[in-house]
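Those protein sequences? They're chains A and B, same order as listed. Each residue of the first sequence is one higher than the one before, counting from 1 in my numbering. Each residue of the second sequence is one higher than the one before, counting from 1 in my numbering.
Note that these hints are calculated values from the structure, not bench results. Here the structure is a predicted model, which means the values were calculated and not measured. All C-beta atoms in this analysis are idealised placements derived from N, C-alpha and C, irrespective of residue type, glycine included. Among the clues, some could well be false.
Reference excerpt, derived from the structure (chain B facing chain A, CB under 8 Å, subset only) [stated by the list, open to error]:
1) E228
2) G233
3) P234
4) D241
5) A247
6) Y259
7) T262
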Amino acid sequence: MIGFLHPAWLWALPAAALPLILHLVARRQPPTVPFPAVRYLQQVTRDHQRRLKLQHWLLLLARTLFVLAVVLAAAAPTMARDGLAGHAPAALVLVLDNSPSSGAVTGGTPVLDRLRVAARGVLDKATTEDAVWLVTADGVARRAPIDRLRAAVDSLSPSEIRLDLGGALGQARDLLVDAGRPSEIIVLSDLQATALTAAEVTVPVLVGVPDVVPPPNLGVATLDPGPQPWSPGKNRVRVQLLGDSGRSSPLTVQVGARPGRPQLGSVGAAIETTLDAPTPGWWLVTAELDPDEFRADDRRRTLVRVLPVARAQWDPADHYLDAAAATLRDGDRLRDGSEVALGWLGPGPSVVTPPSDLAALGSLNRALERRGVPWRFGGPVVQEQMSDSGPLLGATRVTRRFRLVFAGGAPRGIEATVGGEPWIVRAGSVVLIGSRFDPAWTGLPTSAGFVPLVDALANRLVRGEQALLTGTPGRPVRLPDAVEQVLDGPRAWRVEGGASWRAPASGVYFLRSGPDTVGAIAVNLDPRESELTMATLAQVRSLWPGSRLVPLPRIREAAFGAGARGHLRGSLLLLALLLGLAEVALASLRRRGA
Amino acid sequence: MTTTHGSARLDLLDPFEVSQLGGLEVVTEGLVEGFLAGLHRSPRRGFSVEFAEHRMYQPGDELRYIDWKLLGRKDRLYVKQFEEETNLRAMVVLDSSRSMAWSGAPGHRLSKLDYARRLSAALALVLLRQRDATGLVVFADAVRAVLPPKVSRAHWLRIVATLARVTPGHLTAAAPALNGVVEKLRRRGLVVFVSDLLLDQAPTLHALKFLRHRGHAVLVLHVLDPAELELEGPAEVRYEDPETAAAVVLRPRDWADVYRQTVSGVVSGWRQALRREGIRYHAIRTDLPFGRALRDALVRPGGIA
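Looking at chain A on its own, in the form it has when it is part of the complex:
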């Protein structure tokens, strides 16, 4: 198979038509000259026309081939010569896919072991003059002596980080841009269909195609514990299974160490189950399937925070708030008490709305200052606007509001905005709302989202909301603003609130802000890893045009094909030279021998 080191030059191939085009353009009507001795010319041309026509076409052919040869030489074609004992010093990137799916067992052998054998074969063929990089699922390109790379391959285990094969090819291509020697990328992977993405291939790519079929698999794709925090009593959990196995498998969902009741799960509809909330605190919730050939996705974990429902007090004269609180109380989501003040600034957690008496605004701001709350009520805004949709609530009409002004530094704790300006903000256990719960101020009290909002305000926001984030190993997760530390048992990472953080492995991580635990991240495998189905060869060729596919056991023979490739540039240049000489000879012959 022929490949090109500089395929961009192939765009110049149409230039080969130039001699023909020039020939056709030059065939314009020549000037007519009276000449009585035309009979002599007729005699001359009659005698030589056939030979001249042949010379003419040979000349055209020589010129066309000359241009073709030069353009092809510029594209630097190479031709694979498999089975050669040695190869020229080459640059090679070995993409070894040790993503989670490589841990699947087929025929009693993990996929990674098969890939490892192939990788060793490639490295055994490498020489000290070769430049070899090893790229694995962690995305790090390691360039090291062959022995160290061999050791790295031997010590490799299935990673929890998913590998985007198209991205890995792009990375490999970038590594080889300035290699200055025959380059090649070798991909050793289970060729999981979901991991294959398109890549622009500009260097020869050799893909090892596994010779075994991946096992049927069933994995836990999602585990959703529902709204947080959990309240005592029954709480609903939703589980979704994913995979390419049509069979069902027993699924157990449990909270903490309490044994769950197994139920049969299969790919398709979500599985819902209810769990009794344990005592207040953080609890681990686990969904687990019976083991199969791919163990890594058989279990999924998350965290839930169990809190008792808030004990709140509110002004019964505030009709809309009173109605919403009564509804929550009836649904056992709120109890009477003095823990939370709804509508004014109390001594504890408070949801503060602007006072009905504007004269009291100054004293309210001073009280906020005394509580250490950095937010103040500013000037009034009377303008009908819509609030900006966000996780807390959707778009809502806002007619009147007070600006909420952050005193000092960059504003933090903004929960909802109107026209880009803060409308609902939180600082510790105090939540400020820019409008009163009055239809004359906002359409919120009459909207369907009002009761859930009051629930969220009373049970979550003012009590220190617990962020429950999800992520996958190696992928960035954006942390909440207040987070200063991420904890995993004894391990701790100092982080900056609002920044991204990558979990090194699956598990549950607590988010700390000072001494408080403000949330958690549940890190599990990327659910796409559960689909082990291998991409078809046509898909591979389509996504990586020009790639060369060989069975995995034969990858060693085919490796370093770029170095063992016959470079055709020299031959083409020689051919171009010969064609050029032929052109000169033919043109001269035609001129002299016509």
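Let chain A serve as the given structure and place chain B on it in line with the hints.
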């Protein structure tokens, strides 16, 4: 008009320059004067004379005219009396086809017809000065003018006038014209065929051979423009025959060498074919001074024509 143009002889000047000096008659006389002056011997020497009768020898008669054979037979002195006469009857046959009207360098070089017209006039004058009866046939696609051979000043003027009136015809049909000459030259004579020979060779050769067979001396003057000998021109040219409108498109540079060889072959072919029949042949370029052309045409070892 003098014999020479200034100090130079007209017969040696460039034909085009000579043609600018005056009318056909005047220029031709100048040419012939120069030509004959350059021969350094009497044009009459070599005139053939024909025996008329014997008469008794009278004192004073030149001894060389005594017929010694008759003296031996009759033992009396007789002298041979010769009658000087126009022994030679010549016919100039001029091709006036359209191809003859062509010049490779108009304004700088005479067309083949103009050259041939002057050359024919000069030939006629030389022959008439030798008291040879000279006639003229002008042809193109048909015979266009015929002047029977005569010897007189007035005839010379008629020849000149006829030549001056000649306009280019269309095609070339030499054979009928040559065949017509046979009727005009009942006695053996000289036929001068002036043409660019861009005609069908076979019938023309056949007609010339027939003339030769009838005992006539035949002289073929092949008039060639220098531009017909060397192919030149722009990168690519469409050459069109003014007679037949046949055309050939080619690149002169590519074909120059082989064309030169072909024309050379054609000239050689005519020369050999004519020589085999005892016909004299001369290729004359239109830039050749008339004196040299006349010399080529007329001067043979031992005399003119």
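Verification of the hints:
{"no.": "1", "hint": "E228", "result": "5 Å, holds"}
{"no.": "2", "hint": "G233", "result": "6 Å, holds"}
{"no.": "3", "hint": "P234", "result": "6 Å, holds"}
{"no.": "4", "hint": "D241", "result": "4 Å, holds"}
{"no.": "5", "hint": "A247", "result": "7 Å, holds"}
{"no.": "6", "hint": "Y259", "result": "5 Å, holds"}
{"no.": "7", "hint": "T262", "result": "5 Å, holds"}
Consistency note: the structure conflicts with none of the earlier hints.
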